[in-house]
Amino acid sequence: MVTATKTLLKVTDLYAQFTGFGGTRVVRAIDGINFTLDQGETMGLVGESGCGKTTTCHAIFRLLPPAGDIVSGSIEFDGQDLMQLSDSEMRSIRGRDMGMILQDPMASLDPLFTIMDQVAEPAHHHRGVRGGSLRERVVELLRSVRIPSPEIRMREFPHQMSGGMRQRIVGAISLSGGPKLIVADEPTTNLDVTIQLQYLNLLRDLQQETGVSLVFVTHNLGIVAKMCDKVAVMYAGKIVEQGSVRNIYNNPRHPYTQALIQSIPRLGNKDPLYVIPGQPPNLAELPTGCAFHPRCPFATEKCINEEPPYVSFGDGQESKCWLSVEEAKNG
Amino acid sequence: MADALLEAQDLRKYFPVTSGGMFSRVKGFVKAVDGVSFSVYPGETLGVVGESGCGKTTTSKLVLTQEAPTSGSLIFKGKDVSQLRGRELKEYRQAVQVVFQDPFSSLSPRMRVGDIIAEPLEVHSLMSRQGIKDRVGEVLELVGMPADVARLFPHEFSGGQRQRIAIARALATNAELIVLDEPVSALDVSIRAHILTLLEELQRELGISYVFIGHDLAAVAHISDRIAVMYLGKIVETAESLELSNNPLHPYTKALFAASLPSHPDEEREELAISGEVPSALNPPPGCHFHTRCPYYMERCSEDEPLLKEVSQNHTVACFLY
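Each protein sequence line maps, in turn, to chains L and S.
Taken in order, the first sequence gives residues -7 to 323; the numbers are from the numbering used here.
Taken in order, the second sequence gives residues 17 to 338; the numbers are from the numbering used here.
Read the hints as simulated data drawn from the structure, not as lab findings.
Keep in mind that the hints are not guaranteed to be accurate.
Listed next, the in silico DSS-like pairs over lysine-lysine satisfying Cα-Cα at most 30 Å (straight line) [what the hints assert, rightly or not]: (1) S:Lys77 / S:Lys270; (2) L:Lys294 / L:Lys321; (3) L:Lys172 / L:Lys(-2); (4) S:Lys93 / S:Lys106; (5) S:Lys77 / S:Lys93; (6) L:Lys262 / S:Lys270; (7) S:Lys43 / L:Lys262; (8) S:Lys77 / L:Lys262; (9) L:Lys2 / L:Lys321.
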């Protein structure tokens, strides 16, 4: 682990929304989130589908679809506020300083270009690497993601690769520009378990070599337990709890985090699973007060009417729940 | 022990690979399922784990009579399935139902939920229209959905609800065995717990048997009574679920357990990362199929093929180490 305390990414009060039906319907996909990420650190962003995880990643890259808008807030990356940059300045940062790994490696590789072309592009475009040294760089990148005989494989096309290899190539592309931050959006959901382990170990080795920071978007708490230093749990567009991985697993303070941890099956244990009642809410029609209250076993009158504030605890853990407010008050 | 509901004996399915063209010749075979034997008892869940390409799905297709086996036999309640014709075959198909992985593609977007669930009843029974309608409402309630959703279309439901509808369809004909082909892999964690719990409840209430196919070991181990681990068309280990979780013997099973993710950051796992990927089933390695990736490789493994051997009660493993 790189011992750096420099903050690389700082997201403050970020709001993003999608507008549809001529502005009559507004979905607040990200509803005031705050987090920071240090250099060389790994953060997990967990939550169910539709909680705003992917929108958060897209917002960091300023790549929201046309219907989406960042309403307010700042995204400070490496000392710059990304919100103040022009589109062309943003383009020069994407791929050079920040890379992205998407869920489906087949869809993120272009079937018409060789592996060489695709891995070379960020280095060529952003770093001005040319000719023989570009080829060397590609070979080195492919070797670092454990592609066997890279000199031969780089002339091949994506369809000639297996799923695990394709995902490793996407990893090589994201490293090609020499980034400081990689955002991985559910990178292993389509992979088999043994291949998933290989890929996670690979990412961790690469991180140790290059000191890159990682944001891991996933709904798999096991990946978070294995990979991350800290974790932010999202629910209905808000971060409901964040802190170091160890604290969150040992002492989850928000009922949603508790429920998530209890609902995963464990090996060698056949006790009934905890079932979170109900469904994730529709972001267009959020419940009043705390958005989790209809599914929360501890919900009170107050939760229905008032939204809880963030409560910080001494150990860096932060929770957004009226119970935590009580807990903090009573010490 | 009671008689097995379904018994597979040395089941094989080879797919021919041709050179293509008009006068194509058979170049070889993909041995998708290569001598698999297992049995499912009434009210029991048999878990089948393995990576993609190991033959899990082909096995389920054989059980569902969507594919005919190349050799070997399936015995259902004492009768050979391949000999069933006409009414008996229809009865078998009523008794054995399936739930697929992706509830977004397994439910027709053009049919109402009620019609989707009623279809197997229309095919298989002589119920009146009212009878069918009542039965649809009944199975919807069994899976925890109100009966009046029958008039809605699948796109109006979330993934978890759709999977419930798919389960309701499988239950409609009073199925005795349901093949669950990765029923929770496409779902969110919290919804996974819903569906797994629902399946367990249904089994307790109705005494159905399941064949639960998956690659998420923790989920399979949670719901199954016994587990069979498959690798390249063969079963390499079978044991009771808890026994397998606590005492995996085959190196491949160990690797699968090592690869399953921890449930706590402090949880230590035996590091047994196996290298490489699953070899092609067209040209599997000789001897033990796993020897190319096995950390305990011995010379013998690439020459002879290990057979399944009972090492302790109800625990069989195909490996020369034991």
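Hints, one by one, checked against the model:
Among the hinted pairs, S:Lys77 with S:Lys270 is consistent with the structure: their alpha-carbon atoms are about 27 Å apart, no more than 30 Å. Of the pairs offered as hints, the one joining L:Lys294 and L:Lys321 holds, with about 16 Å between alpha carbons and a cut-off of 30 Å not exceeded. Note on L:Lys172 and L:Lys(-2): the hinted pairing holds, with a Cα-Cα distance of about 12 Å set against a maximum of 30 Å. For a cut-off of 30 Å, the pair hint linking S:Lys93 to S:Lys106 stands: about 15 Å separates their Cα positions.
Of the pairs offered as hints, the one joining S:Lys77 and S:Lys93 holds, with about 19 Å between alpha carbons and a cut-off of 30 Å not exceeded. Distance hint between L:Lys262 and S:Lys270 is fulfilled; the C-alpha atoms sit about 19 Å from each other, no more than 30 Å. Of the pairs offered as hints, the one joining S:Lys43 and L:Lys262 is violated, with about 47 Å between alpha carbons and a cut-off of 30 Å exceeded. Distance restraint check for S:Lys77 and L:Lys262: the Cα-Cα separation of roughly 28 Å lies within the 30 Å cut-off, and the hinted pair is therefore satisfied.
Simply put, L:Lys2 and L:Lys321 have alpha-carbon atoms about 28 Å apart, close enough for the 30 Å limit, and the pair holds.
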